[in-house]
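Undergrad: With these hints in hand, go ahead and build the complete structure from the sequences.
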Amino acid sequence: MSVKITHWPGTSLSSADFAEGRVLTVRGGVKAEYAWDAGVAIGRYLEELKRGRLVARRCDGCRRVLVPPRMFCEECFRPTDAWVRLADTGTVQTFSISYVRWDMVRLTEPEIPAVIAIDGASPGYGILHLLGEVDPKEVRVGMRVKAVWKDPAERRGAITDIRYWAPIREGG
Amino acid sequence: MGKVAVVGAGMTRFVRRAQETGKELSYLAARMALDSCGLTLKDVDAVVVGSAPDAFDGVHMKGEYLADGSGGWQKPTLRCFVGGATGVFAPIVGWYHVASGQFDTVLVVCEEKMSSCHPHPQGAFLTIFDHTTERALGPNLLWIFALEMNRYMTVHGITKEEIALVAVKNKKNALDHPCAHLGSEITVDDVLNSEVMAWPVNRLDVSPASDGAAAIVMCSERVAKRVSDRPVWVEGVGWHLDTAYWTNRDLYYPRYVEYAARMAYDMAGIKEPRKEINIVEPYDPFDYKELHHLEGLLFCKPGEAAKLTVDGVTARDGDLPVCPSGGLLGVGNPIAAAGLMKVCELFWQLRGEAGRRQVPGQPRRGLAQAWGDLMQVGTVVILGI
Chain B
2 MSVKITHWPG TSLSSADFAE GRVLTVRGGV KAEYAWDAGV AIGRYLEELK RGRLVARRCD
62 GCRRVLVPPR MFCEECFRPT DAWVRLADTG TVQTFSISYV RWDMVRLTEP EIPAVIAIDG
122 ASPGYGILHL LGEVDPKEVR VGMRVKAVWK DPAERRGAIT DIRYWAPIRE GG
Chain E
116 MGKVAVVGAG MTRFVRRAQE TGKELSYLAA RMALDSCGLT LKDVDAVVVG SAPDAFDGVH
176 MKGEYLADGS GGWQKPTLRC FVGGATGVFA PIVGWYHVAS GQFDTVLVVC EEKMSSCHPH
236 PQGAFLTIFD HTTERALGPN LLWIFALEMN RYMTVHGITK EEIALVAVKN KKNALDHPCA
296 HLGSEITVDD VLNSEVMAWP VNRLDVSPAS DGAAAIVMCS ERVAKRVSDR PVWVEGVGWH
356 LDTAYWTNRD LYYPRYVEYA ARMAYDMAGI KEPRKEINIV EPYDPFDYKE LHHLEGLLFC
416 KPGEAAKLTV DGVTARDGDL PVCPSGGLLG VGNPIAAAGL MKVCELFWQL RGEAGRRQVP
476 GQPRRGLAQA WGDLMQVGTV VILGI
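The listed protein sequences correspond, in order, to chains B and E.
Letter by letter, the first sequence follows residues 2 to 173 of our numbering.
Letter by letter, the second sequence follows residues 116 to 500 of our numbering.
Careful, some of the hints might be misleading.
[Claimed, not checked] Here's a subset of chain B near chain E, in silico, CB distances under 7 Å, partners left out: (1) T12; (2) S13; (3) V31; (4) P69; (5) T95; (6) S97; (7) Y100; (8) D104; (9) P114; (10) V116; (11) G127; (12) I128; (13) L129; (14) V142; (15) A159.
[To be verified] Short derived list, chain B residues pointing at chain E, Cβ under 7 Å: (16) V4; (17) W9; (18) P10; (19) L14; (20) W37; (21) A39; (22) I43; (23) W84; (24) I98; (25) S99; (26) V101; (27) M105; (28) G125; (29) Y126; (30) I160; (31) T161.
[To be verified] Below, in silico cross-link-like pairs of lysine-lysine (DSS-like), each with a Cα-Cα straight-line distance of 30 Å or less: (32) K138/E - K32/B; (33) K5/B - K287/E; (34) K138/E - K5/B; (35) K287/E - K275/E.
Calculated directly from the structure, the hints in this document are not laboratory data.
We put the beta carbon where it would ideally sit given N, CA and C, even for glycine.
TA: This is how it looks when you write it as structure tokens:
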């Protein structure tokens with residue numbers, strides 16, 4: 002009973018409480034490392050990235066072309082049917098200009114994450130990646146972009162085998 | 116299905132860092148909820164605990180960890196978890212515990228202590244991204260909000276100024292909440308001039324990470340009529356899970372919220388939510404999310420929620436008060452506790468006990484909604500008196 006309650010519990014601590022030793026804490030960490038299997042669909046996706054190619058899976062049930070690829074269609078709940086080669090070009094669906102790292106440490110040079118709809122996949126079906134070779138002020142939703150690949154010798158079969166996506170310039 | 120009532124509610128203050136442990140916070144909220152309706156733990160048949168990822172606390176199986184503070188030892192106790200949507204999912208679980216006829220009285224307790232995780236609880240969110248196709252890109256949680264907000268703004272032509280009005284409204288509303296972490300009087304310019312975190316998200320577009328707990332007591336019609344002079348009834352519940360391939364769907368619209376809302380409206384017999392619901396507490400961890408969710412909840416057409424805010428419709432004394440509590444932006448965001456705080460707010464508002472936060476006109480029906488996981492879970496509870 003909000004109006005009938007006069008005391009609300011919970012004690013707020015300030016940094017001075019810690020600096021002056023008024024409260025005690027114990028610090029510790031969790032050491033946990035994992036080796037994640039890429040799996041059947043993403044395993045092949047990574048192999049193709051190493052070759053400088055993007056691939057999807059097609060489902061003949063719903064006729065979707067799925068990227069990232071999966072071996073089963075989660076909507077039809079049946080196996081997907083075939084591998085499909087995609088272009089390494091696409092359209093920016095949305096983007097951000099990020100000045101913070103995962104641990105909230107600030108960046109001077111922003112990163113530009115984007116959802117990029119890949120040409121050849123179902124409309125609007127995209128992946129998360131980064132944009133590069135572009136002034137952050139110039140980025141627009143709807144911008145056409147192309148993958149910039151690492152040199153073949155540097156590719157490891159990872160999403161980072163694409164360095165970033167750069168705008169497709171007029172006549173370029 | 117039996118009728119289910121909420122008969123008691125309680126919460127702790129939401130603070131940046133609480134001296135109390137998670138168990139202690141849970142106890143304080145749970146005890147307050149029981150005291151508010153004159154019940155004791157002996158009257159409780161079952162306990163539902165809601166809490167977000169174990170990684171925040173660095174404690175494995177947090178449901179068990181929090182169970183004693185939640186009154187759950189020596190009872191049928193269950194922890195539920197659907198990410199950020201947990202705080203409104205826990206009362207749904209409480210509802211079916213009672214509606215099934217299996218239990219008469221259920222204590223629902225939600226807790227979150229975000230401050231334990233260093234250097235920042237954001238680090239605990241990293242594992243929500245796909246380990247193979249996304250994490251190698253160095254994502255942070257702000258990215259997905261920024262990407263969604265930009266898509267929402269671009270599709271509808273909504274400005275940051277319009278969106279900032281939500282932060283202004285909610286932080287001001289929170290000045291009247293005795294438990295609020297971040298109630299304040301700010302301007303649209305304050306929001307726009309605050310630090311750019313991940314454009315279009317500025318610091319004041321975001322709710323704070325907080326510690327806190329909230330609790331409610333739910334019971335069958337038979338018990339409710341005995342213990343409460345003003346039971347608040349659960350009229351509708353809904354929940355829905357969309358695809359985790361979040362880069363395959365158009366982020367401008369929260370389909371999962373619409374489907375959850377339609378389930379709850381069907382159950383409550385609501386045809387026109389805008390006319391039939393008097394108070395809305397949508398999930399507002401970011402200011403644009405309040406607008407996004409109001410659209411998913413079908414209170415207006417997609418793209419029109421900003422106008423409702425600009426026109427003052429969603430002010431506490433407006434035609435459709437939205438987040439009269441102050442929301443996550445103002446009261447704070449201890450994840451699961453923040454969702455249940457919204458249900459507590461409806462309970463107090465519908466009983467006319469919200470004090471300085473009371474919305475005028477004797478509201479009869481309210482809706483609380485939360486959202487979570489990888490932007491894909493919607494949970495909705497409708498309460499009425």
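Undergrad: Each of the hints needs a verdict: does it hold here or not?
TA: Hint check:
1. With 7 Å as the threshold, the beta carbon of T12/B comes within range of chain E, its nearest partner Cβ sitting at about 4 Å, so the hint holds.
2. At its closest, the beta carbon of S13/B sits 4 Å from a beta carbon of chain E; the interface hint therefore holds under the 7 Å criterion.
3. With a cut of 7 Å, the hint placing V31/B at the interface with chain E holds, because the nearest CB-to-CB distance is about 6 Å.
4. At about 5 Å, the closest approach between the beta carbon of P69/B and any beta carbon in chain E falls short of 7 Å, and the interface hint on this residue holds.
5. Using the Cβ-Cβ criterion of 7 Å, the hint placing T95/B at the interface with chain E is satisfied: the shortest such distance is roughly 4 Å.
6. Hint on S97/B holds. Least Cβ distance to chain E is approximately 3 Å, under the 7 Å limit.
7. This hint holds: Y100/B has a C-beta 6 Å from the nearest C-beta of chain E, less than the 7 Å allowed.
8. The restraint placing D104/B at the interface with chain E holds, with a minimum CB-CB distance near 5 Å, inside the 7 Å limit.
9. The beta carbon of P114/B is positioned within 7 Å of a beta carbon in chain E (closest approach about 5 Å), and the interface hint is therefore held.
10. Using the Cβ-Cβ criterion of 7 Å, the hint placing V116/B at the interface with chain E is satisfied: the shortest such distance is roughly 5 Å.
11. For G127/B, the shortest C-beta to C-beta distance to chain E is roughly 5 Å, which falls under 7 Å, so the interface hint holds.
12. Evaluation of the I128/B hint against chain E yields a held restraint, the C-beta minimum of about 5 Å falling below 7 Å.
13. The interface hint given for L129/B is met, as the beta carbon of that residue sits about 5 Å from the closest beta carbon of chain E, less than 7 Å.
14. Hint on V142/B holds. Least Cβ distance to chain E is approximately 5 Å, under the 7 Å limit.
15. Hint status for A159/B: holds, given a least beta-carbon distance of 6 Å to chain E, under 7 Å.
16. Nearest Cβ of chain E to the Cβ of V4/B: about 4 Å, under the 7 Å cut. The hint holds.
17. Interface hint status for W9/B: upheld, as the beta-carbon distance to the closest one in chain E is roughly 5 Å, under 7 Å.
18. A distance limit of 7 Å between C-beta atoms decides the matter here; for P10/B the minimum to chain E is near 4 Å, and the interface restraint holds.
19. Look at L14/B: its Cβ gets to within about 5 Å of chain E, closer than 7 Å, so that hint holds up.
20. The criterion of a C-beta within 7 Å of any C-beta in chain E is met by W37/B, whose closest approach is roughly 5 Å, and the hint holds.
21. For A39/B, the interface hint holds, the least distance from its beta-carbon to any beta-carbon of chain E being 5 Å, beneath 7 Å.
22. With 7 Å as the threshold, the beta carbon of I43/B comes within range of chain E, its nearest partner Cβ sitting at about 5 Å, so the hint holds.
23. Against a cut-off of 7 Å between C-beta atoms, the interface hint on W84/B is violated, since the closest Cβ of chain E lies about 17 Å away.
24. Hint on I98/B holds. Least Cβ distance to chain E is approximately 4 Å, under the 7 Å limit.
25. Residue-level restraint check for S99/B holds (minimum Cβ-Cβ distance to chain E is 4 Å; threshold 7 Å).
26. Given hint, V101/B at the interface with chain E, holds; its Cβ is 5 Å from that chain's nearest Cβ, closer than 7 Å.
27. Interface hint status for M105/B: upheld, as the beta-carbon distance to the closest one in chain E is roughly 5 Å, under 7 Å.
28. At its closest, the beta carbon of G125/B sits 6 Å from a beta carbon of chain E; the interface hint therefore holds under the 7 Å criterion.
29. At about 5 Å, the closest approach between the beta carbon of Y126/B and any beta carbon in chain E falls short of 7 Å, and the interface hint on this residue holds.
30. For I160/B, the suggested interface contact is upheld, since its CB lies about 5 Å from the closest CB of chain E, less than 7 Å.
31. Annotation: interface hint on T161/B holds; nearest CB of chain E at approximately 5 Å, less than 7 Å.
32. Between K138/E and K32/B the alpha-carbon distance is near 24 Å, which keeps this suggested pair within the 30 Å criterion.
33. Between the alpha carbons of K5/B and K287/E the distance comes to roughly 22 Å, so the proposed pair stays at or under 30 Å and holds.
34. Simply put, K138/E and K5/B have alpha-carbon atoms about 25 Å apart, close enough for the 30 Å limit, and the pair holds.
35. The hinted pair formed by K287/E and K275/E meets the criterion: a straight-line CA distance of about 18 Å does not exceed 30 Å.
Checked against the numbered hints above, the structure violates only hint 23.
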